[in-house]
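One line per chain: the protein sequences are A and B, in this order. Letter 24 of the first sequence, counting from 1, is numbered 24 in UniProt numbering, and no numbers are missing. Letter 326 of the second sequence, counting from 1, is numbered 326 in UniProt numbering, and no numbers are missing.
The set of hints was computed from the structure by calculation and includes no laboratory data. Since the structure is predicted, the reported quantities are computational estimates derived from the model, not experimental observations. Some hints here could point you the wrong way.
Footprint (simulated), chain B over chain A, 3 or more residues, beta carbon under 8 Å [to be verified]:
no., region
1, 70–79
2, 113–121
3, 126–132
To give a feel for the contact side, a few chain B residues facing chain A, derived at Cβ under 7 Å [as the list claims (entries may be wrong)]:
no., residue
4, Arg-233
5, Gly-236
6, Thr-280
7, Ser-284
8, Gly-371
9, Thr-448
In this text, a Cβ means the ideal position worked out from N, Cα and C, and glycines have one as well.
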Amino acid sequence: MRAFRPLPYAVTALVLAGSLTGVAGCSSSSGSTGPSTAAGQAASTGTSAVKRLEVTITGTTVTPAPAQVELPVGSTLELVVTSDHDDELHAHGFDQEATLEAGVPATLRLTATEPGVYEVETHEPALTLLSVAVR
Amino acid sequence: MIAPASLGSWSTALPGHGVGSRSDLPLPFAALVAAAGAALLISFVAIGFLWREPRLRESDGLLLPDWLAGVLDSRWLRLVAQVLAVALTLWTLFALVFGPDSALNPVPHVVYVWFWVGLAFASMLFGPVWRVINPVRMLHAGVLRLARVSPDLAVLPYRWGLWPAALGLGTFTWVELVAEENTSLDFLRLLIASFFALSLLGAAVFGRTWFDLADPFEAWSRLLGLLSPLGRRDDGRWVLRTPLHGVNTLRGQRGLVATVAVMLGGTAYDGFSANLGWATFVQSSPLPSSLLRTVTLIGFFGLVALTLWLASAVSVRLAGEPLRQSVSLVSDMAPSLIPIAGGYVIAHYWSLWVYQGQVTWQLLSDPLGTGADWLGTAGLVPADALIQPTLVATIQAVSILVGHLLGVLAAHERAITVLPHRAAIIGQVPLMVVMILYTVGGLTILFTP
């Protein structure tokens, strides 16, 4: 056996320790703000918060442009989608679907349970409408 | 991120969804800054202070106790693993042939989660396991044994190195990330049947070398398996060692640069394509979306290969050597990108592996979609303790960072081994710049919603 050489291991350990504390520190601080704001909203309205968003589809153009919608765990997104053609609306992860008829608004009520990012899309043609970031 | 990202084009005839409807929350900005800063620091510390003479030896490592080495070498362990692999393969083929064409079918999960992602994780832990349990390799060996001919039977000599593996990995990445209907049963039947046919044909013509070099999944398992803490030192005995030792045993060979470029570029594209801005651009463009995605995926492969070669070219010029040396240098340096590729794989697939890996058990218990529960796992509720957002963000940032650290150390060792002494320090700067770009790029992809 060759002699044990500590330098590479020391560098690895130091960097690991540094990055771990750095990452854990900042994400725990962001994590602690999440639930407190959610709790604050819930307290102010008395029930869990409801967000409302209207989306219009014209051909392959989505208005407003696809963006990420923040949704604290426990609150609900009321999504109203109006398309200029018949289509199917699908909210991944929430396992909710709706049939879109041309010009008729369809509503999905998405209640946040599991943290993560979920896409809402249509199938004909395949369009991403928005993504929901549940924290 | 999402494994088959083309689920956006999931057939309307199918209820529900396929693999990976959930993806990870964006990396917190502070984690991005901390990790990127650490990557920069690591790189410059490495250039300034690390060892000046090659120091990784194939005789290094902590010897495993005899009993453990005995278990690892035992025929029984291999037999059990092989029987399990064959059973899972037959079970999956059964669902592929007779199962429903819906989200209840376990085949997409087995292929895209257990096989592709699970094999990567298993290899990084235990080494090149696919070599032992590859059912096509077993089928080929079994047929030759039944026919009472030598297991080395080959019609033609094989001489393309890893090129077919690079092509195969690139194709599979395209199937996973771009192909439409990639979770539909007809598509998977065609995919799996052509893979079996092509592999058996390749093995029939070129012998079992085909599996050693040309098979994309053997390459995937072997290259990521270099990162395993388990390995054999030069006298064949089992040791615990650093991932650097594994990576350092890999020498430049034909097609290695292409294979590594596909591994890195594919995972990077996976993260990139989950970006909403990209989705908006693709769906509002007049060009067909599959064409745009295909071209961009190939662009990612090309970008990795090109930046790597540019770095080598600059290194060679800095070392005062002729430019044609850059071709051999890029091949010498390619192994040091494997830790970075491994870090990307962990960061991108961790939550998919943990969560959808459990969902696979539910689906496998009912391969025909009839409501049966043959394995008793249909009612399994996936545990989410390992995909808590803070934990996932930490795992992502740390795995990318550790991948970067190992990549830099591996590149340093190779540089002082292959470059002339005087030029070795300055010569590794371009490669390090490229590695910093990959790492910061990988982190940014995880950060951007």
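- Task: Taking the numbered hints from earlier one at a time, note which ones the structure violates and give those numbers from smallest to largest.
- Result: Numbers 1, 4, 5, 8, 9, in rising order.
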